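Respectively, the protein sequence lines represent chains A and B. Sequential numbering from 1 applies to the first sequence in the numbering used here. Sequential numbering from 1 applies to the second sequence in the numbering used here.
Worth flagging that the hints you see were computed from the coordinates, not collected in a lab. Keep in mind the model is a prediction, meaning the values are calculated, not measured. Take the hints with a grain of salt, since some may be wrong.
Since copy identity is lost for identical chains, a pair holds within one copy or between any two.
[Claimed, not checked] Below are the SDA-like pairs computed for lysine to any residue, each with C-alpha atoms no more than 25 Å apart in a straight line:
1) Lys47 with Pro299
2) Lys457 with Phe5
3) Lys47 with Thr418
4) Lys473 with Phe5
5) Lys54 with Lys325
6) Lys87 with Ser423
7) Lys259 with Ala80
8) Lys180 with Ile463
9) Lys383 with Leu257
10) Lys336 with Ser212
11) Lys453 with Leu386
12) Lys330 with Ala50
13) Lys234 with Lys325
14) Lys255 with Gly435
15) Lys336 with Asn417
16) Lys344 with Ala50
17) Lys77 with Gly478
18) Lys428 with Asp18
19) Lys133 with Val106
20) Lys489 with Glu199
21) Lys259 with Arg158
22) Lys87 with Ser318
23) Lys330 with His320
24) Lys57 with Gly332
Protein chains: 2
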Amino acid sequence: MAKDFSTREENYSQWYNDLVIRAGLAENSAVRGCMVIKPYGYAIWEKMQAALDKMFKDTGHSNAYFPLFIPKSFFSKEAAHVEGFAKECAVVTHYRLKNAEDGSGVVVDETARLEEELIIRPTSETIIWDTYKNWIQSYRDLPLLINQWANVVRWEMRTRLFLRTTEFLWQEGHTAHATKEEAVEEAFTILKVYTDFAEKWMALPVLTGKKSSNERFAGAIDTYCIEALMQDGKALQAGTSHFLGQNFAKVFDVKFLSKENKLDYVWATSWGVSTRLMGALVMAHSDDRGLVLPPKLAPIQVVIVPIYRKKDQLAQISVHANNIKDALTKKGISVKYDDRDTYKPGWKFSEYEFTGVPIRLAIGPRDLENGTIEVARRDTLEKEVLQMTDIENKVEHLLLQIQENIFQKALSFRDNNTFSVDSWEEFKDVIEHKGGFVLAYWDGTVETELAIKEETKATIRTIPFTHNPEEGKCIYSGKPSNQRVVFAKAY
Amino acid sequence: MAKDFSTREENYSQWYNDLVIRAGLAENSAVRGCMVIKPYGYAIWEKMQAALDKMFKDTGHSNAYFPLFIPKSFFSKEAAHVEGFAKECAVVTHYRLKNAEDGSGVVVDETARLEEELIIRPTSETIIWDTYKNWIQSYRDLPLLINQWANVVRWEMRTRLFLRTTEFLWQEGHTAHATKEEAVEEAFTILKVYTDFAEKWMALPVLTGKKSSNERFAGAIDTYCIEALMQDGKALQAGTSHFLGQNFAKVFDVKFLSKENKLDYVWATSWGVSTRLMGALVMAHSDDRGLVLPPKLAPIQVVIVPIYRKKDQLAQISVHANNIKDALTKKGISVKYDDRDTYKPGWKFSEYEFTGVPIRLAIGPRDLENGTIEVARRDTLEKEVLQMTDIENKVEHLLLQIQENIFQKALSFRDNNTFSVDSWEEFKDVIEHKGGFVLAYWDGTVETELAIKEETKATIRTIPFTHNPEEGKCIYSGKPSNQRVVFAKAY
Chain A
1 MAKDFSTREE NYSQWYNDLV IRAGLAENSA VRGCMVIKPY GYAIWEKMQA ALDKMFKDTG
61 HSNAYFPLFI PKSFFSKEAA HVEGFAKECA VVTHYRLKNA EDGSGVVVDE TARLEEELII
121 RPTSETIIWD TYKNWIQSYR DLPLLINQWA NVVRWEMRTR LFLRTTEFLW QEGHTAHATK
181 EEAVEEAFTI LKVYTDFAEK WMALPVLTGK KSSNERFAGA IDTYCIEALM QDGKALQAGT
241 SHFLGQNFAK VFDVKFLSKE NKLDYVWATS WGVSTRLMGA LVMAHSDDRG LVLPPKLAPI
301 QVVIVPIYRK KDQLAQISVH ANNIKDALTK KGISVKYDDR DTYKPGWKFS EYEFTGVPIR
361 LAIGPRDLEN GTIEVARRDT LEKEVLQMTD IENKVEHLLL QIQENIFQKA LSFRDNNTFS
421 VDSWEEFKDV IEHKGGFVLA YWDGTVETEL AIKEETKATI RTIPFTHNPE EGKCIYSGKP
481 SNQRVVFAKA Y
Chain B
1 MAKDFSTREE NYSQWYNDLV IRAGLAENSA VRGCMVIKPY GYAIWEKMQA ALDKMFKDTG
61 HSNAYFPLFI PKSFFSKEAA HVEGFAKECA VVTHYRLKNA EDGSGVVVDE TARLEEELII
121 RPTSETIIWD TYKNWIQSYR DLPLLINQWA NVVRWEMRTR LFLRTTEFLW QEGHTAHATK
181 EEAVEEAFTI LKVYTDFAEK WMALPVLTGK KSSNERFAGA IDTYCIEALM QDGKALQAGT
241 SHFLGQNFAK VFDVKFLSKE NKLDYVWATS WGVSTRLMGA LVMAHSDDRG LVLPPKLAPI
301 QVVIVPIYRK KDQLAQISVH ANNIKDALTK KGISVKYDDR DTYKPGWKFS EYEFTGVPIR
361 LAIGPRDLEN GTIEVARRDT LEKEVLQMTD IENKVEHLLL QIQENIFQKA LSFRDNNTFS
421 VDSWEEFKDV IEHKGGFVLA YWDGTVETEL AIKEETKATI RTIPFTHNPE EGKCIYSGKP
481 SNQRVVFAKA Y
């Protein structure tokens, strides 16, 4: 199964696409730009959702659900927002079909035209702030800490499974606060949640910082982000947390009476991560033999494969396998015992290697004699034969090791692909020939950022938070700069 | 809070609507027919989802996700299906907006018209069977047991919060099988899951059976259902499970190679429950003082309210309250300790009564002296003073009792409102003056069913499964009939 697909070296983009489809994560659908998330891929997404949802709730947030549709006029209200979002979107204009007169099928019933067109939400700030207007009167109603799990639609011209699709799944948090300080703090709380999730669950090291004004969310005062590095040296924005100031409160007229009995506009944040994280997960860790999944997000953490010639051998092996399965299950580890007789062990080995199951246990007749078991780990492809005694604790420990190893490997990769450069020539050379994160001085202007993008396709991924400004000169303009920012080509 | 809203007696419909909005479950949005599910309502829905999702997985199903959009032509393929679903639906015709030339906002960009219109899914059989075509080649690929949690849109003219909304949330299962028998068995497996969920989680007794051809799902061979009775004597269809035969496999050309090496069309089922269940939950159990929630679905199962005059009393009470909270939390019971000093105990009592928290614990200075605690249950409104010792076990036991009592109350109500009638006059009288489930003989024809509906607004809710056919005469036509069916006016 793993044999006839591209290596990363040959064609990284093709490797990614093949892997996503053939490992059963997702595929293209009959609708241009929309994907089908297949059961194995969805199971990973469910694990991501569960972990994030718990982190949101532990930080005081509740879930709610707002309409899929947004009246067209809502988008005109926030000037920057409409520029960023309202242009490439799905527009509902009619609410009825009818049988075609020539019997050729169904056609749109032109008499059923909506008075005002509805937009499928590309993001929900507008409909949510229109709702918050009725929920917020006094400081007692604040803070409002709400999250929504939903599908959104952005009409993308060039799509790639998980990374950029017309419809995608995400969570979007929308919070309302009495003070600017509290809203900024909330945006940072979530940035921390995203960072922890990326690093501890996805085993994905991320840089955090602020976006430049050019890369900022349409309608935000500040956008904070987590940025990860993929194996081809390109960056991927994995999550954003926005401080929205009073922008949306002003356009939707959301005021509150403060403790001091003064009317003021409400302060806001919004933040989101999406099924794009699935793409990041695949691209960061997988290899030419297939998926590599961090144990914490693997739908199947351990697979047990029996190796036998005769039925009675299988029966004996199954006794041990089922005992091990029970012991692991009791520890909350998800185990599959694959005793199908329709496939040979070799086929199963490559199947589970390809689909990234972190640990494979194999039991054969010789193991029965010796009281042993073969333990293979997916991340390093190492195998060893262990005594079967206490195997559940050994496996539990190994899963933690694998999780940590995958993170460390990605971290080393990032370290080895992060470059500090001080001249324009060097900058261009690194961006073109090495890729990776490039730390360089920038003069802080949009003009310079756009000029650099124009010449190299690299953008400012993030402006790191720093307490120790260092003086330097912008690599492009030569003007003074007080800190290095992170450039990269990006997904 | 509970004072100024309609009683069930005065205006059942108004009572329901007020309750849903004022208890914080849902409200109407700026988009006609679409609701906002508020945090408290969504928390109940999340509990429903978690319970159902586990039941689906325990019966071998996996989740996946299919596109929101369905190409218009897909609907023309299954003749019955198009009649049932394609007519009242949201149609996407364009994919871009642009700034209006007169600066008045944004308008649809007429140059960005889709070649083929896209329908927002009203249900996903068509897009899913179009996908299954590529997933199924041989009997080895079967059964395919997939569920999807999603939003769907049906352009309803008259909407009511939860019961009938243009957009709603649901789960839709879509399974594929090698034999008819297996598909029918699947449809029954799910009917059992729905029945168990309704009765054990929602405390809602349901009748099960088959739909008449007139009430059948558009495209199904047979529709099985669970039907519940609301307090106003109207029935509510709470879930359906469809045996689809080979209808969708035929129109989407989904064939498989059997073990016997023969090509055949795949057999199918589909099944769903929606946020409509939220409406059923409210209407079945709540009373004139507000919500009554079965403990298993209550976001807050126990609330603790301190009663005090002085700060030092609160401090003492809080020690006990926090101990109790910890002990209950350890048992997996969700507890809120409401020690806010901005609200008085009386206000809190009516707040939690109104929002249906199953058990309220109150601790005052006298309780501290006596080592007692006041325990109030929402379902019966009974209060008693108990010794604080071992309170966590008493509360745990009481929650079970409340769950059972709410179910028994609903069951008694249904028993008292189920009538067996044998004449047309009696039928009309009961339907008009009493409501409830009416068991009557029916001749099995659509004509009779429609005539009865026309005259009385009652429809056949379900044809009970029976092993003991009883002969009788149709109440309307006088023709022979071999079993009673269940009539009612319905939501």
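Now for the hints, and whether the structure bears them out:
1. Taking CA atoms no more than 25 Å apart as the test, Lys47 paired with Pro299 passes in both settings, with 8 Å inside one copy and 22 Å between copies.
2. Proximity of Lys457 to Phe5 under the C-alpha cut-off of 25 Å is found in neither arrangement, the shortest distances being 29 Å within a copy and 62 Å between copies.
3. Taking the closest pair of Cα atoms, Lys47 and Thr418 never come within 25 Å of each other, the shortest separation being 30 Å inside a single copy and 45 Å across copies.
4. With identical chains, the CA atoms of Lys473 and Phe5 are never at most 25 Å apart, being 46 Å at best within one copy and 69 Å at best between copies.
5. Within a single copy, Lys54 and Lys325 get their C-alpha atoms only as close as 27 Å, which misses the 25 Å cut-off; across copies the closest is 20 Å, which meets it.
6. In the homo-oligomer, the alpha carbons of Lys87 and Ser423 never lie at most 25 Å apart, since the shortest distance is 38 Å inside one protomer and 64 Å across protomers.
7. Neither within a single protomer nor between protomers do Lys259 and Ala80 lie at most 25 Å apart by alpha-carbon distance, with minima of 32 Å and 61 Å respectively.
8. Proximity of Lys180 to Ile463 under the C-alpha cut-off of 25 Å is restricted to the intra-copy arrangement: shortest distance 21 Å within a copy versus 61 Å between copies.
9. In this homomeric assembly, Lys383 and Leu257 never come within 25 Å of each other (Cα to Cα): the closest approach is 66 Å inside a single copy and 38 Å across copies.
10. For a Cα distance limit of 25 Å, the shortest separation of Lys336 from Ser212 qualifies neither inside one copy, at 47 Å, nor across copies, at 43 Å.
11. Taking identical chains as interchangeable, the C-alpha atoms of Lys453 and Leu386 are never at most 25 Å apart, the minima being 54 Å within one chain and 72 Å between chains.
12. For a Cα distance limit of 25 Å, the shortest separation of Lys330 from Ala50 qualifies both inside one copy, at 20 Å, and across copies, at 21 Å.
13. Taking the shortest Cα distances, Lys234 and Lys325 never come within 25 Å of each other, neither inside one copy (40 Å) nor across copies (50 Å).
14. In this assembly of identical chains, the alpha carbons of Lys255 and Gly435 never lie at most 25 Å apart, being 47 Å within a copy and 48 Å across copies at closest.
15. For the identical chains of this complex, Lys336 and Asn417 are neighbours neither inside a copy (37 Å) nor across copies (50 Å), given an alpha-carbon limit of 25 Å.
16. In the homo-oligomer, the alpha carbons of Lys344 and Ala50 never lie at most 25 Å apart, since the shortest distance is 35 Å inside one protomer and 37 Å across protomers.
17. In this homomeric assembly, Lys77 and Gly478 never come within 25 Å of each other (Cα to Cα): the closest approach is 40 Å inside a single copy and 65 Å across copies.
18. In this assembly of identical chains, Lys428 and Asp18 lie within 25 Å of each other by CA distance neither inside one copy nor across copies; the values are 31 Å within and 65 Å between.
19. In the homo-oligomer, the alpha carbons of Lys133 and Val106 lie at most 25 Å apart only across protomers (23 Å), although the nearest pairing inside one protomer, at 41 Å, exceeds that limit.
20. In this assembly of identical chains, the alpha carbons of Lys489 and Glu199 lie at most 25 Å apart only when taken from the same copy (22 Å versus 56 Å across copies).
21. Taking identical chains as interchangeable, the C-alpha atoms of Lys259 and Arg158 are never at most 25 Å apart, the minima being 50 Å within one chain and 42 Å between chains.
22. With identical chains, the CA atoms of Lys87 and Ser318 are never at most 25 Å apart, being 59 Å at best within one copy and 55 Å at best between copies.
23. Taking identical chains as interchangeable, the C-alpha atoms of Lys330 and His320 lie at most 25 Å apart only when both belong to the same chain, with a minimum of 15 Å there against 34 Å between chains.
24. Taking CA atoms no more than 25 Å apart as the test, Lys57 paired with Gly332 passes in both settings, with 22 Å inside one copy and 16 Å between copies.
When held up to the earlier numbered hints, the structure conflicts with 2, 3, 4, 6, 7, 9, 10, 11, 13, 14, 15, 16, 17, 18, 21, 22 and fits the remainder.
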